[in-house]
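Asker: Go by the hints and put chain B onto chain A.
Residues per chain are reported as follows:
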Amino acid sequence: MLDQRFSEVWVVGEIDEGIVKALKEVMRNERLKGIKRLKFVFYLSDPEDLNYLNLLRPVLLENVLMSIVVEERSVKNLLDDVKLVKDEVNVITGEMVPAEFVKAIESSRDRLKVVRIHG
Amino acid sequence: MVNEKFEIILTTDRTMMSNHHGKEFIGFMTTGPPIGMPEFLWMWIAAPKMKTDRLGRPWQAPYAMRKLEALLQDHGYNAAIIDPDHLHKHLDHAKILMLSHHDYFALCPPSSEWWLVTKQEPVNARSFRRLMERPYIRRAKENGLKIVVGGPAGWQWLYRVDLWEKWGVDTVVDGEGERIILDLVKKAYSGEPLPRYVFIGPNDVPMIEEIPKIKHASINGLIEIMRGCPRRCKFCSVTLRPLRYIPLDMIEEEMLVNVREGVRGGILHSEDVLLYGAKGLRLNPDALLKLHKLARRHLETIAWSHASLAAIKNAEEEYRLISRLREIICEDDIQEYWGVEVGIETGSSKLAKKIMPAKAAPYPAEKWPDVVEDAFAIMHENNLIPAATLILGLPEEKPDDVVKTVELLDRLKPYRSLIVPMFFVPMGVLKNKDWFTTFKVSEEHIEVMRRCLWHSIRWAEEIIEKFYLRGLDKFPLKLMLKLFLKYVRWKAKSVEGKIGLRPTVMETPFIRY
Chain A
1 MLDQRFSEVW VVGEIDEGIV KALKEVMRNE RLKGIKRLKF VFYLSDPEDL NYLNLLRPVL
61 LENVLMSIVV EERSVKNLLD DVKLVKDEVN VITGEMVPAE FVKAIESSRD RLKVVRIHG
Chain B
1001 MVNEKFEIIL TTDRTMMSNH HGKEFIGFMT TGPPIGMPEF LWMWIAAPKM KTDRLGRPWQ
1061 APYAMRKLEA LLQDHGYNAA IIDPDHLHKH LDHAKILMLS HHDYFALCPP SSEWWLVTKQ
1121 EPVNARSFRR LMERPYIRRA KENGLKIVVG GPAGWQWLYR VDLWEKWGVD TVVDGEGERI
1181 ILDLVKKAYS GEPLPRYVFI GPNDVPMIEE IPKIKHASIN GLIEIMRGCP RRCKFCSVTL
1241 RPLRYIPLDM IEEEMLVNVR EGVRGGILHS EDVLLYGAKG LRLNPDALLK LHKLARRHLE
1301 TIAWSHASLA AIKNAEEEYR LISRLREIIC EDDIQEYWGV EVGIETGSSK LAKKIMPAKA
1361 APYPAEKWPD VVEDAFAIMH ENNLIPAATL ILGLPEEKPD DVVKTVELLD RLKPYRSLIV
1421 PMFFVPMGVL KNKDWFTTFK VSEEHIEVMR RCLWHSIRWA EEIIEKFYLR GLDKFPLKLM
1481 LKLFLKYVRW KAKSVEGKIG LRPTVMETPF IRY
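Taken in order, these protein sequences are the chains called A and B. Residue numbering for the first sequence follows the working numbering, beginning at 1 and increasing consecutively. Residue numbering for the second sequence follows the working numbering, beginning at 1001 and increasing consecutively.
In short, the hints are calculated from the structure, not lab data. Ideal placement from N, C-alpha and C gives every residue a C-beta, glycine not left out. Warning: the hint list may mix true and false statements.
What the hints assert, rightly or not - Some chain B residues judged to face chain A by a derived CB distance under 8 Å, without partners named:
hint, residue
1, Leu1158
2, Arg1179
3, Pro1195
4, Asp1286
So that you can see chain A by itself, here it is in the shape it has in the complex:
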């Protein structure tokens, strides 16, 4: 199943209510487009801290139609991952994102669809 194509959503920065709202919106849009599989990748400063799942719960529970995979990655991987992007990726950025990451995301706007940036 994981070999199938998943539409990807990257979340960078501290998770807050704003990001949750943006995630719900992306999820609805993807569903309306007929997407069947969605992958949320959370770029976290501490990937061992699962607290973000508490905020993510209403997003996950709103879905009944799409397969959803949630992954965590260290924010340190972001620059490398940006270089490897082939298909369009939705990116949601929150607060406290270091400038170099924002710059990398901005410079890859042809492949990354930036949904929301704080500040």
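Answerer: Same frame as chain A, but now just chain B:
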């Protein structure tokens, strides 16, 4: 020769890894806290230990875990289900620990309800916590063991992220596992990071040919005859998945697996057994007769997991099918009765129309209370004993809807059955709705609960005496359950007296049992 060093261990806690003395209904006691007796005694009644082999492999194990065990073994993995008391023998060399449960944290009905009413944590959640806090699991985790959890209660981990983190659970899987589990195992074996959470959508459920056949006995001979349900009730998650009928030859092979391993009874599992082979909601009597003749050929006792009340009424009225199935099931007096779980959900046709418009089909939703009563009468006449549930606190429920439920309960008084009220837990398309944290128990709800309690006590005494626990070997259990019922009767009366409950708030007359 079995390689005794299993790399993938599947397990669960004692409340799940038990055949409940061969009586599936008794398993419901694992959803409650110990009442009127010490926990060890409650556990002995509700979830006695399972017989195992030298390696700790249980004689019977939960069906869904048997499916995954078979899938992994078919793909060459050295995997086995291990009884929770024998885990310590295997974790040192295991790579992956897979857990499954119906109700990890007692958040599902009826556990959540018993918890709310008694203010005590049910034994299923206690037992699972004790399992997860065993030091050797922590030690194995520190040594690199991957923990994957799933099963019908997978969603509950989203409400207990603290324990998800504390117990080092790597991945939570929510949904039918056949297509994802091999991917996860491959990733774990190759050292790749595992996803934290996977929800299996309707497009990724397995097709019939992808569903493996069990290789060892399932608890009480439970065998799946179909997956999914076409009724589309809004509170149900099963209905979101496509409908798949398991072919008779596959059902037969699994029955024979159970029989070969000494489990001679069987439970036909479906959300609605009477829809086996149906075209939409149109019953298929031929498929049902063939299925039951097959079961009769191989099994000593037959039970149904679930059936819908509309299908029961329709089956009897249109095809005399319940009577015909009874003739097969109870042939030569081999068994006198059979059991089933049914959902009343509400006595309000208005609410039924909103929340479960096809539950009454082929009858109109407006006739729902009549459908329920007619089906109860049919079951009573045919010795089909239902454990019925109803849901309190459904979204959009008004006090008047609950009064309708009270009225329906009055109409069901003459019919042999157990009726359990459950608080609404958001599942299915309603799973994002507010939960019972915001649920207010009204006087009407209390009246429903009282009527259910007295109805169930009255009929449980008769069911235990005349049907359920016959034979000398069942005498100690029968005695314990009868004492328990006496205690519940006494306790209920004393609580009612203390809080001075007055039934005058209801429009229907107070019923004395």
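Asker: Decide, hint by hint, whether the structure agrees.
Answerer: Hint check:
Taking 8 Å as the C-beta contact cut-off toward chain A, the hint placing B:Leu1158 at the interface holds, the least distance being around 5 Å. Because the beta carbon of B:Arg1179 sits about 4 Å from the nearest beta carbon in chain A, less than 8 Å, this interface hint is met. For the restraint placing B:Pro1195 at the interface with chain A, the shortest Cβ-Cβ distance is roughly 5 Å, inside the 8 Å limit, so the hint holds. The criterion of a C-beta within 8 Å of any C-beta in chain A is not met by B:Asp1286, whose closest approach is roughly 34 Å, and the hint is violated.
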